[in-house]
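K.L.:
Here are the chains, one letter per residue:
2 protein chains.
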Amino acid sequence: MELEVINTGTELLLGQVTNTHVGYFGEKLLDLGLRINRQITVPDGEIIKEILAEAISRADIILVTGGLGPTSDDLTRELSAELLELELIEDEGVMGAIRLRFEEAGVAMPAANRRQAMVPEGAEVLVNNNGTAPGLYLTAGIADCRTHIFLLPGPPRELYPIFQQFVVPRLEAIIAAKGASVPVCRNYFFMGLGESELASRVECALGNIAGQFELGFCLKGGGVIVRCICKEGEITALDTAIKSVSPEDYVAEGEFAVEVNLVKCLRIAGESVATAESCTGGLIANRITNVPGSSRVFDVGYVTYADQVKQELLGVPRDMLEDFGAVSEPVAKAMAEGCLERSGAHHAISLTGIAGPDGGSEGKPVGVVWIGLASRGYDVHARHYRFKTDRLNFKERASGKAIDLLRRRVSGYF
Amino acid sequence: MELEVINTGTELLLGQVTNTHVGYFGEKLLDLGLRINRQITVPDGEIIKEILAEAISRADIILVTGGLGPTSDDLTRELSAELLELELIEDEGVMGAIRLRFEEAGVAMPAANRRQAMVPEGAEVLVNNNGTAPGLYLTAGIADCRTHIFLLPGPPRELYPIFQQFVVPRLEAIIAAKGASVPVCRNYFFMGLGESELASRVECALGNIAGQFELGFCLKGGGVIVRCICKEGEITALDTAIKSVSPEDYVAEGEFAVEVNLVKCLRIAGESVATAESCTGGLIANRITNVPGSSRVFDVGYVTYADQVKQELLGVPRDMLEDFGAVSEPVAKAMAEGCLERSGAHHAISLTGIAGPDGGSEGKPVGVVWIGLASRGYDVHARHYRFKTDRLNFKERASGKAIDLLRRRVSGYF
Numbered sequence: 114m115e116l117e118v119i120n121t122g123t124e125l126l127l128g129q130v131t132n133t134h135v136g137y138f139g140e141k142l143l144d145l146g147l148r149i150n151r152q153i154t155v156p157d158g159e160i161i162k163e164i165l166a167e168a169i170s171r172a173d174i175i176l177v178t179g180g181l182g183p184t185s186d187d188l189t190r191e192l193s194a195e196l197l198e199l200e201l202i203e204d205e206g207v208m209g210a211i212r213l214r215f216e217e218a219g220v221a222m223p224a225a226n227r228r229q230a231m232v233p234e235g236a237e238v239l240v241n242n243n244g245t246a247p248g249l250y251l252t253a254g255i256a257d258c259r260t261h262i263f264l265l266p267g268p269p270r271e272l273y274p275i276f277q278q279f280v281v282p283r284l285e286a287i288i289a290a291k292g293a294s295v296p297v298c299r300n301y302f303f304m305g306l307g308e309s310e311l312a313s314r315v316e317c318a319l320g321n322i323a324g325q326f327e328l329g330f331c332l333k334g335g336g337v338i339v340r341c342i343c344k345e346g347e348i349t350a351l352d353t354a355i356k357s358v359s360p361e362d363y364v365a366e367g368e369f370a371v372e373v374n375l376v377k378c379l380r381i382a383g384e385s386v387a388t389a390e391s392c393t394g395g396l397i398a399n400r401i402t403n404v405p406g407s408s409r410v411f412d413v414g415y416v417t418y419a420d421q422v423k424q425e426l427l428g429v430p431r432d433m434l435e436d437f438g439a440v441s442e443p444v445a446k447a448m449a450e451g452c453l454e455r456s457g458a459h460h461a462i463s464l465t466g467i468a469g470p471d472g473g474s475e476g477k478p479v480g481v482v483w484i485g486l487a488s489r490g491y492d493v494h495a496r497h498y499r500f501k502t503d504r505l506n507f508k509e510r511a512s513g514k515a516i517d518l519l520r521r522r523v524s525g526y527f
Numbered sequence: 114m115e116l117e118v119i120n121t122g123t124e125l126l127l128g129q130v131t132n133t134h135v136g137y138f139g140e141k142l143l144d145l146g147l148r149i150n151r152q153i154t155v156p157d158g159e160i161i162k163e164i165l166a167e168a169i170s171r172a173d174i175i176l177v178t179g180g181l182g183p184t185s186d187d188l189t190r191e192l193s194a195e196l197l198e199l200e201l202i203e204d205e206g207v208m209g210a211i212r213l214r215f216e217e218a219g220v221a222m223p224a225a226n227r228r229q230a231m232v233p234e235g236a237e238v239l240v241n242n243n244g245t246a247p248g249l250y251l252t253a254g255i256a257d258c259r260t261h262i263f264l265l266p267g268p269p270r271e272l273y274p275i276f277q278q279f280v281v282p283r284l285e286a287i288i289a290a291k292g293a294s295v296p297v298c299r300n301y302f303f304m305g306l307g308e309s310e311l312a313s314r315v316e317c318a319l320g321n322i323a324g325q326f327e328l329g330f331c332l333k334g335g336g337v338i339v340r341c342i343c344k345e346g347e348i349t350a351l352d353t354a355i356k357s358v359s360p361e362d363y364v365a366e367g368e369f370a371v372e373v374n375l376v377k378c379l380r381i382a383g384e385s386v387a388t389a390e391s392c393t394g395g396l397i398a399n400r401i402t403n404v405p406g407s408s409r410v411f412d413v414g415y416v417t418y419a420d421q422v423k424q425e426l427l428g429v430p431r432d433m434l435e436d437f438g439a440v441s442e443p444v445a446k447a448m449a450e451g452c453l454e455r456s457g458a459h460h461a462i463s464l465t466g467i468a469g470p471d472g473g474s475e476g477k478p479v480g481v482v483w484i485g486l487a488s489r490g491y492d493v494h495a496r497h498y499r500f501k502t503d504r505l506n507f508k509e510r511a512s513g514k515a516i517d518l519l520r521r522r523v524s525g526y527f
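Note that the protein sequences, when read in sequence, are chains A and B. Here the first sequence stands for residues 114 to 527, where the numbers follow our numbering. Here the second sequence stands for residues 114 to 527, where the numbers follow our numbering.
Hints may contain errors.
The list makes no distinction among identical chains, and a pair is therefore deemed to hold if it is satisfied within one copy or across any two copies.
Stated by the list, open to error - DMTMM-like mimics (lysine to aspartate or glutamate), calculated; alpha carbons at most 20 Å apart, straight line: (1) Lys162 x Asp187; (2) Lys141 x Glu115; (3) Lys333 x Asp186; (4) Lys333 x Asp187; (5) Lys377 x Asp471; (6) Lys501 x Glu475; (7) Lys514 x Glu361; (8) Lys501 x Glu217; (9) Lys501 x Glu216; (10) Lys501 x Glu271; (11) Lys477 x Glu217; (12) Lys141 x Asp503; (13) Lys162 x Asp186; (14) Lys291 x Glu115; (15) Lys333 x Asp503; (16) Lys333 x Glu271.
Hints listed in this document are in silico derivations from the structure and should not be mistaken for laboratory results.
Hey, can you work out the whole structure from these sequences and the hints?
P.N.:
In structure tokens form, the structure reads like this:
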């Protein structure tokens, strides 16, 4: 099945908004056994008609995003109707829903939003509970040569629910009618091994396994994803082989945020963690609390950004800060121990480093970080890293490393 | 000038890697007065040839990324040469540079990397100091109908320096030869007004201004971006008109993270902020400390995730928590006041709410949040919001709202 994605919106081509639709669709569609054959981004304008016409001549399924809003640069609805020579008719149900949304918000409905109730003749309305414009499903052509076209809102929080609730079932029906088989895709997330080394070990481990499968490697989330696409019956052998390539570096399948696995491990162990962050400024606590259910394993986080606060809140001795500096092994350990003691948690992670771009010096350049780990029943532990990168990337890498370190402790690897 | 971008790579269509190239190019090209007319993503494979041929028939300039690596799925170099009927010749300079890179890393050069020294006849090599594959610049067609084609590495850390150092000067030469003028683009970021309402006010304010300009509106960062592209001489009048549409809701031009403006305002005022977060779990502290120089305005953040910790660290009375619950106006105020007192800061922000998906109840559904604000010399203040969205989006919206509230306080709007 030929499937294409058209993302409309000038903001996507000007650096203001990153196109996350493709990644979202790519992942969800693969679960259905569909691949994106081509993705095109176009600015708001007449070009949408041209691109859509071209796509209809090639594809069986087209997903279009954007241009369903109420402002003058939102043209997808009108241009699609024009192209397919369909009349636009005001849909009572949609109009009512839009009015209700504004009523509930206690705001008068702007006249501009009326356009959003216009539906091309014959199109199916896909209800949007998170915005004003509904999605629209229509077909071009006839019988077996039909092209299925989905016009969908741009904002992710409106798009995703419509996709899950309405687009997926319709795609499943289209696929079932065609009788295609569904390949299996697994994504194995590792942390702690370089891409080349891991690829080399995986290719070696899989060398003896017969069958057609596709392997891919890419960097993500401070680690490496090993992607494996194969037939249903082959996955078990491949799964076992890939996971055993390096058990302590293997984090999870299908999940690329190491904190999800950490919270899961802590919940299983019935243990808790507290955080004491300097340079990461709250990012570790934020990542942990992003995980639903983290309240079972996390009670408190300290963001001790200034040295004075490291003393006051965590009991780091003033002499130690003066003698060694905040970014040092003794201070990282003292922060972790102070945090463990005051929080009552089973484990405490601490971080102290230099995020940049300023703050570096001769012996302690930008990117240096000490990660401390204190666990009840263990000696306090600290490790040193250097992440030569920009401020935001430094915070991501350092926090990920710290979370992974605790994952290994809770999993019993050290 | 017709400019198109082709991004190659199956990983871009499978949800593993987000395409950040488009945003990067979009922003940099606009500075040169160039717009991306179309962007296409294709998987690794023969389709690259087809897409490139189509693009050559339309465009003056084509930027292609990806597929220059050493592995079997890297095909851009070979397919481009095939399409343009150019012989591939091993370039001594490139071969030497690749060998040297491996020598310096103390690793033997894999045979696969030899392919990366093959250069299509007549192409110009664009040196890559951050990877093995050089960029390649070639032209198709003749004289005024020539298409300028740039083949560039996929990884951003290799792409960006090559783009800045080699592609930009060549694009400038192409533009100069054509005699085109450079438009000005401004992005005005507002928070606190809905998109329709803001668009309506902006269109009204600009109604009396003569001249050709392009307006666009899109949602981002919890607010709305008003994009204006116009001629150099027209920007001043438009700038004044747009900013005065709603001064207190106007945050900044060209910056869509409200915390950047907050830190700037605090630095100018010589004031500081401390944070006391429950449901946002450290995100506000993280956002503030993302801003370089935030150490001048931020010393400490408390992540008081459990009720017990709200008592211990911030002095919230136990009775109050029992009588009103953690998610309530009195608790939000007590958290802010306790934080202000203990931190010694000029301002303290507090948040207590229900991020979901669990934790909601009859009177306090998921998405409810109380934001508290305590400032020296002011009565403590609290506001109530409801963000009906998923956990991560809730944290983003709630933290953004809190940061914006403080921005308004520091800017003197209330």
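K.L.:
Now, for every hint given, state plainly whether the structure supports it.
P.N.:
Here is how each hint holds up against the structure:
1. Lys162 x Asp187: Cα proximity of lysine 162 and aspartate 187: one copy only (13 Å, versus 33 Å across).
2. Lys141 x Glu115: For lysine 141 and glutamate 115, only the intra-copy Cα distance (16 Å) is at most 20 Å; the inter-copy one is 33 Å.
3. Lys333 x Asp186: Between copies only: 16 Å across chains, 35 Å inside a chain, cut-off 20 Å.
4. Lys333 x Asp187: The answer is between: 16 Å across copies meets 20 Å, while 34 Å in one copy does not.
5. Lys377 x Asp471: between (37 Å within a copy, 17 Å between copies)
6. Lys501 x Glu475: within (15 Å within a copy, 49 Å between copies)
7. Lys514 x Glu361: Intra 14 Å, inter 41 Å, cutoff 20 Å: intra-copy only.
8. Lys501 x Glu217: between (50 Å within a copy, 13 Å between copies)
9. Lys501 x Glu216: between (52 Å within a copy, 16 Å between copies)
10. Lys501 x Glu271: For lysine 501 and glutamate 271, only the inter-copy Cα distance (12 Å) is at most 20 Å; the intra-copy one is 38 Å.
11. Lys477 x Glu217: between (56 Å within a copy, 17 Å between copies)
12. Lys141 x Asp503: Result: close only across copies, 18 Å inter versus 32 Å intra.
13. Lys162 x Asp186: within (14 Å within a copy, 33 Å between copies)
14. Lys291 x Glu115: within (12 Å within a copy, 39 Å between copies)
15. Lys333 x Asp503: Classified as within; 16 Å inside a copy, 23 Å across copies.
16. Lys333 x Glu271: Answer is between: at 14 Å across copies they meet the 20 Å cutoff, but 26 Å inside does not.
Hint compliance for this structure: no hint is broken.
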